[in-house]
Amino acid sequence: MGAPSPRYTAEFKQKAVELYKKSGTTYAEVARGLGCDAGSLSDWVKKADAADCGAADNSFQMAEDLRRLKRENERLKRENEILLKASAFFASRQL
612 MGAPSPRYTA EFKQKAVELY KKSGTTYAEV ARGLGCDAGS LSDWVKKADA ADCGAADNSF
672 QMAEDLRRLK RENERLKREN EILLKASAFF ASRQL
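Numbering (the working numbering), first residue to last: 612 to 706.
It should be emphasised that the hints constitute simulated quantities derived from the structure, not laboratory data. Certain hints may be false.
Said to hold, decoys possible - Each computed PhoX-like pair below joins lysine-lysine, with the alpha-carbon atoms no more than 25 Å apart:
#, residue 1, residue 2
1, Lys-681, Lys-696
2, Lys-658, Lys-632
3, Lys-657, Lys-633
4, Lys-681, Lys-657
5, Lys-632, Lys-657
6, Lys-626, Lys-657
Here the structure is a predicted model, which means the values were calculated and not measured.
Based on the provided sequences and hints, a complete structural model is requested.
Right, here's the structure in full:
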């Protein structure tokens, strides 16, 4: 099995997209300078263009936040289920 893909922060992706748009060179040249894959850079640029985000919006940050909130939501659902089972257990013991 190969090494896992590196995880880039939303800020890194946004800066990489801005650098590519300002440079006017190829994905490969910009990616080589940043130390990332040209295909990844291409995907980030396409996502940024599709989102048509301005300087104030960061679609990468929003996607990262969404993933974090989904994980937190799942964790809270599991905790809630455990509490419901525990309360049912203790309620049945008192009868």
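Point to revise | Broken hints, by number | key: none
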